[in-house]
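Just so you know, the protein sequences line up as chains A and B, in that order. Numbered as in the UniProt record's numbering, the first sequence ends at 510 without a single skipped number. Numbered as in the UniProt record's numbering, the second sequence ends at 510 without a single skipped number.
Since the hints were derived computationally from the structure, they do not count as laboratory data. Only a predicted model underlies this, so the values are computations on that prediction, with no experimental measurement involved. One or more hints might be untrue.
Put simply, identical chains are the same to the list, so a pair is met inside one copy or across any two.
[Unchecked claim] Derived PhoX-like pairs: lysine-lysine, alpha-carbon spacing no greater than 25 Å straight-line: (1) Lys289 to Lys437; (2) Lys386 to Lys11; (3) Lys456 to Lys386; (4) Lys11 to Lys65.
There are 2 protein chains.
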Amino acid sequence: MDAKEFREFGKAAIDYIADYLENIRDDDVLPNVEPGYLLDLLPTEMPEEPEAWKDVLGDISRVIKPGLTHWQSPHMHAYYPTSTSYPSIVGEMLASGFGVIGFSWICSPACTELEVVVMDWLAKFLKLPAHFQHASDGPGGGVIQGSASEAVLVAVLAAREQAVANYRESHPELSESEVRGRLVAYSSDQSNSCIEKAGVLAAMPIRLLPAGEDFVLRGDTLRGAIEEDVAAGRIPVICVATLGTTGTCAYDDIESLSAVCEEFKVWLHVDAAYAGGAFALEECSDLRKGLDRVDSLNFNLHKFMLVNFDCSAMWLRDANKVVDSFNVDRIYLKHKHEGQSQIPDFRHWQIPLGRRFRALKVWITFRTLGAEGLRNHVRKHIELAKQFEQLVLKDSRFELVAPRALGLVCFRPKGDNEITTQLLQRLMDRKKIYMVKAEHAGRQFLRFVVCGMDTKASDIDFAWQEIESQLTDLQAEQSLVARKSGNVGDLAQHFQIHLSTENATHEKSQ
Amino acid sequence: MDAKEFREFGKAAIDYIADYLENIRDDDVLPNVEPGYLLDLLPTEMPEEPEAWKDVLGDISRVIKPGLTHWQSPHMHAYYPTSTSYPSIVGEMLASGFGVIGFSWICSPACTELEVVVMDWLAKFLKLPAHFQHASDGPGGGVIQGSASEAVLVAVLAAREQAVANYRESHPELSESEVRGRLVAYSSDQSNSCIEKAGVLAAMPIRLLPAGEDFVLRGDTLRGAIEEDVAAGRIPVICVATLGTTGTCAYDDIESLSAVCEEFKVWLHVDAAYAGGAFALEECSDLRKGLDRVDSLNFNLHKFMLVNFDCSAMWLRDANKVVDSFNVDRIYLKHKHEGQSQIPDFRHWQIPLGRRFRALKVWITFRTLGAEGLRNHVRKHIELAKQFEQLVLKDSRFELVAPRALGLVCFRPKGDNEITTQLLQRLMDRKKIYMVKAEHAGRQFLRFVVCGMDTKASDIDFAWQEIESQLTDLQAEQSLVARKSGNVGDLAQHFQIHLSTENATHEKSQ
């Protein structure tokens with residue numbers, strides 16, 4: 001493919017993307033395919049000769065698009081948002097066009113330095129403590145990791161190596177493997193699976209401590225666990241707290257946790273993958289309490305900052321603790337400016353050696369949307385979630401499971417878990433909206449998350465209409481079956497509602 | 001930014017990339033900036049209001065491009081190639097436009113299934129043993145990781161967990177931490193830094209065994225180390241062999257290594273990040289010897305397959321060994337088709353939870369270039385390296401350090417290390433071509449790698465002209481200094497050349 005063909009193909013693809021995103025409501029958010037659908041459609045070997053790009057673009061419509069779950073659809077309400085935006089798409093494309101790798105400054109000075117710039121921009125925008133900025137005098141700074149999983153793993157591994165070094169210094173009688181065998185870390189039973197996985201990868205047990213009934217992990221619980229472990233001769237290493245848990249967007253109590261971590265010299269990392277976006281809002285300033293006392297934190301730009309995945313910001317209070325843990329340099333990686341300036345070689349701040357020019361899409365997105373545009377995007381998600389919350393509250397067949405938090409509403413149809421499962425299955429089968437369920441203390445519930453690049457109030461109404469009408473239909477069907485078999489009493493318990501003898505109705509507030 | 005603006009911005013960016021790549025020879029490969037240049041040019045806070053995309057694109061020319069090291073330039077000869085191509089750029093853009101995440105099948109069936117398809121296409125194209133294909137009956141298959149570092153780390157961590165589980169079963173008297181404290185892994189002292197780093201991250205010592213004088217690690221050396229470790233009560237876990245080392249593109253002897261690994265039940269991983277591209281060529285079939293006996297291997301598509309970074313293929317003979325090691329599922333990740341089909345949930349095959357739709361750019365690149373186009377690309381790099389090798393051999397001031405291997409020529413000006421350093425420094429200061437040096441047994445040398453999307457014979461001549469003329473100038477300068485101070489004898493030793501009394505000349509074959 002030569003440059004002339006690229007100009008044609010690329011511009012056709014730009015139009016393809018614009019058409020796709022402008023008309024994204026036309027498709028069901030969930031695809032109508034069965035496992036293996038694509039394996040049946042495609043040849044089992046790559047073509048020997050080149051094929052025309054028009055045929056390939058045609059096949060994207062024919063075989064790829066029907067198998068997509070449309071994450072950018074306003075009818076996506078599962079997980080948390082994974083955003084994209086028009087400027088970010090262009091930024092990603094430009095980065096792949098330049099095709100540079102940024103493992104050291106000389107590899108592409110702009111790649112490293114723009115990352116320093118945008119991470120400081122973001123730190124200020126989110127009103128983080130000043131010591132997290134590269135521009136500060138201290139050893140702190142920010143770096144773009146691929147995902148929250150990687151950011152958490154970097155923190156866990158660096159904390160582990162620091163703990164081993166420190167403990168061996170104070171306990172020279174112990175061998176390294178004896179020290180490693182005693183390490184222990186902490187998180188909440190509400191934290192994301194990637195934190196437990198980080199423990200597995202780090203070969204260090206992570207105790208998932210019980211959150212309170214409000215889903216919040218507090219210092220008292222952590223203190224109890226640490227004291228127990230210290231008494232048993234174990235070595236506490238790190239606590240990974242969460243601001244905005246995956247289940248219910250609960251906020252761990254950073255202030256009380258940080259007090260305990262300081263007392264026991266335990267690294268405190270905060271996973272703010274989702275909720276970090278709200279740090280920028282004055283009305284959410286409570287969320288930032290205690291951040292001046294944490295060692296590291298991460299926030300996904302692909303969740304709330306309209307930058308496409310992958311783009312996970314991570315800040316370190318003392319980056320040397322990571323660099324010292326991971327540095328394994330070779331002569332071919334050295335360059336003459338190394339160590340002479342404040343410019344970091346980011347390869348030492350992350351797991352892999354190679355790294356894309358991700359700062360470019362961040363910079364382009366921030367500049368073309370502006371700080372006000374980014375804040376408005378977060379506020380819009382919050383407002384839309386409030387709208388949904390009100391719809392839930394007005395329908396007595398449903399209950400909230402946790403307070404609405406940012407763009408997440410956790411709710412369920414009243415009754416046993418089975419009705420939640422059945423309702424979700426109906427919704428999944430119809431494919432109009434996509435939610436997932438979560439569970440706490442044996443009770444299952446639905447998570448309604450505001451997602452999408454350009455979600456509107458009418459989209460929330462659409463989702464609610466879909467949910468409540470499907471519950472109505474489900475009740476009607478089960479009522480019919482129950483009346484036929486004479487089990488109306490069981491059914492009433494199942495739905496926890498009043499059933500008329502004529503029909504399964506519901507007490508719906510107006 | 002609305003869709004209309006995106007169409008304009010995106011198409012302007014397409015033209016920008018095409019212009020950049022078509023005219024890439026106009027710029028020096030190395031940028032003319034000092035550390036901190038960009039920090040001085042950009043504001044310290046993001047703009048409050050949106051800025052026009054035209055201003056941003058203008059700034060890319062003004063402040064970003066001058067700070068790029070041009071990895072796609074045919075005058076890039078450092079590290080190994082990190083390719084891009086026109087179809088791959090479009091593929092990356094389409095993936096960011098769709099903005100899907102592929103951590104499970106339901107998250108976007110096309111994302112997972114297309115990866116199964118292209119990984120099998122690639123396995124066949126590279127003539128890998130059939131058991132690495134998803135389509136095979138066994139538990140093998142391929143996955144796209146971000147980088148070779150991640151692929152190696154996945155292998156190291158999975159091997160570690162398998163070893164712990166197996167050893168504890170056969171030695172129930174040992175505690176888990178006692179077992180973990182005895183683990184040991186192996187690689188060559190010629191292997192990439194990411195392998196040593198994997199050992200640090202895995203908290204498992206990786207012994208870097210001495211390669212032979214030909215830079216090759218063989219089974220005998222591994223056997224000696226393993227027997228030593230077993231005798232000392234240690235538990236051998238994994239050997240990471242390399243096909244195409246970073247220093248000299250040496251090929252470890254997979255056949256003898258695999259025999260030892262089988263005997264001692266040690267996982268054998270092959271890092272073929274660069275050389276894997278040559279598996280596709282009949283004339284390089286020797287390279288594939290022994291691959292039927294390895295447990296896992298990785299190959300970077302961004303090195304030889306014209307797919308832009310990040311895109312690192314990894315194959316596993318038994319993927320369950322990774323899945324069983326890493327699986328930490330939550331209810332919100334479950335979906336109804338899970339475990340019912342042969343379609344993998346790739347989140348269990350990798351470090352992070354989230355994953356981009358990287359298979360799309362692979363598929364588009366493979367289809368628009370075809371198998372023959374990909375093979376021709378590898379062959380072209382080999383031919384160009386042969387051309388460079390001949391130029392070195394014809395100039396008696398230079399010597400080869402290792403046999404040319406694929407697109408890499410390792411050479412040096414004869415004499416002490418200082419002259420290699422000085423020559424490289426001159427070349428770096430002039431910025432016309434970019435090489436890095438390496439070292440073996442105290443001897444430093446230069447690595448000349450064929451890189452670039454569309455490198456031609458004239459580009460190789462350009463590089464050689466630059467190198468040999470700079471050595472001429474360096475000799476002339478030093479000769480002048482030496483004659484002034486009367487140290488002509490020292491100089492002759494320094495360059496290991498014959499110096500006339502009149503001038504520093506050289507014996508140059510014609």
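Structure-based check of each hint:
no.: 1; hint: Lys289 to Lys437; in the structure: neither (30 Å within a copy, 49 Å between copies)
no.: 2; hint: Lys386 to Lys11; in the structure: neither (39 Å within a copy, 38 Å between copies)
no.: 3; hint: Lys456 to Lys386; in the structure: within (13 Å within a copy, 61 Å between copies)
no.: 4; hint: Lys11 to Lys65; in the structure: both (19 Å within a copy, 22 Å between copies)
The structure is inconsistent with the numbered hints 1, 2, although it conforms to all the rest.
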